[in-house]
Amino acid sequence: MPTGPGLDRPVLTGARRGGGWSRASGGAALWARSDWGLVIAALGLSLVGALLVWSATRQVAGSAYLVRHLFTTAVGVVIAALVTRMGHQLLRAIAPLLYLLSVGGLLLVLTPVGSTVNGSHSWILLPGGFSVQPSEFAKAALCLGLAIILGERLDRGAAPNARDLALAVVVAAVPVGLVLLQPDLGSALVLGALALGVVAVAGTPKRWLALAAGLVAAAVVVALTTPVLSGYQRDRLTAFVDPDADPQGIGYQTRQVRIAIGSGGWQGQGLFEGRQTQGGFIPFQQTDFVFSVAGEELGFVGAAGLLVLLGFVVLRAVLVAARAQDAFGRLMAIGVATWLLFQVFENVGMNLGLTPVTGLPLPFLSYGGSSMFACWLAIGLVNNVHLSTYRA
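Every letter in the sequence shown is one number past the one before it in my numbering, and letter 196, counting from 1, is 196.
The hints are simulated quantities; they were obtained by calculation from the structure and are not laboratory data. All values derive from a computational prediction rather than experimental measurement. Heads up, a few of these hints could be off.
Said to hold, decoys possible - Using C-beta positions, here's what the derived DEER-type ranges look like:
| # | residue 1 | residue 2 | range |
| --- | --- | --- | --- |
| 1 | Glu152 | Gly305 | 39 to 49 Å |
| 2 | Gly265 | Ile40 | 26 to 36 Å |
| 3 | Leu271 | Ile40 | 18 to 28 Å |
Even for Gly, the Cβ is constructed at its ideal location relative to N, Cα and C.
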């Protein structure tokens, strides 16, 4: 058995007593001790998502979207593997840099370099038809930033003080504000929910939590009552309150989504057999409304199965957080769990007509490179925390 240093930091020299392995050079023990339940569940979701995306797009684009979805999944797995191999202490050391890079990306997208898609100036177009959405990576960066700020004092056995909490509010408010300026209400809500989850687990007094919740609510009110949101996004929110307000636009789209899900019944109409999906009645079905493909073609049983898998990923992140050996790892894993849970709730809710349409993708299942990369980055972060719990 290897007797070298623990798994929570990179090792640049050989282990004592000959042999051994290190996180820096890789090794069988690293992968054997990984949270394979978490990885396999995420991979299963990504592969099922490839089938759903293919079903929604094959009539107009053949296998083009399928190939891209599989490619982004493969790249995402590589990202997760690299983050897994990174030492826990190294990840902790570079967390501030990653947060600053994320803020830089959000600033860059607001310049002429950024591009507008569906009323949101959230994208940076790349050669070859690819694009990057910095707000997706801001979610992982905020997990790291808040964990650094609030974890230091917790590791010393003390609760965060007013200075720590004020700094945490600023660290969260910067990306939330920049995302609202794009404007992207959905991603801003995810960032706000993520911040509340981390701050709550850090042992913040209730009065501070109430203040934080009030700030998030105030940001939403400002977005809804000022010209911050684009006309396209306002139509989405209006259609939630009154589906007949935009019968040829988003109102039509949401009605078709509910028809598709309702027609699936218990067992569904069969993959590639859904009338709404194969008829092309639902715009952007491969992104915002991929859950409707599952509801129509896989039925209640299939759609519920996907929700169980998504819930399993969130639960694994919570369990890893509970077993973490340091506050940084615990808060980071909780941030990931809150992020994924809120995003699943909002996406499925808007497919069922229970929440407004905000354009959030369904983690691992929706088509989109930035979303897929960010989700697999989250898996790598949680697995990194999981491995840090092993000691020599």
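*Is it true that the C-beta distance of Glu152 to Gly305 lies inside 39 to 49 Å, as the hint says?*
At 41 Å between Cβs, range holds.
*asked:* Against the range 18 to 28 Å, how does the distance between the Cβ atoms of Leu271 and Ile40 compare: consistent or not?
replied: holds, 21 Å
*Do Gly265 and Ile40 keep their Cβ atoms within the hinted range of 26 to 36 Å?*
holds, 29 Å
This entry satisfies every hint, going by the numbered hints stated previously.
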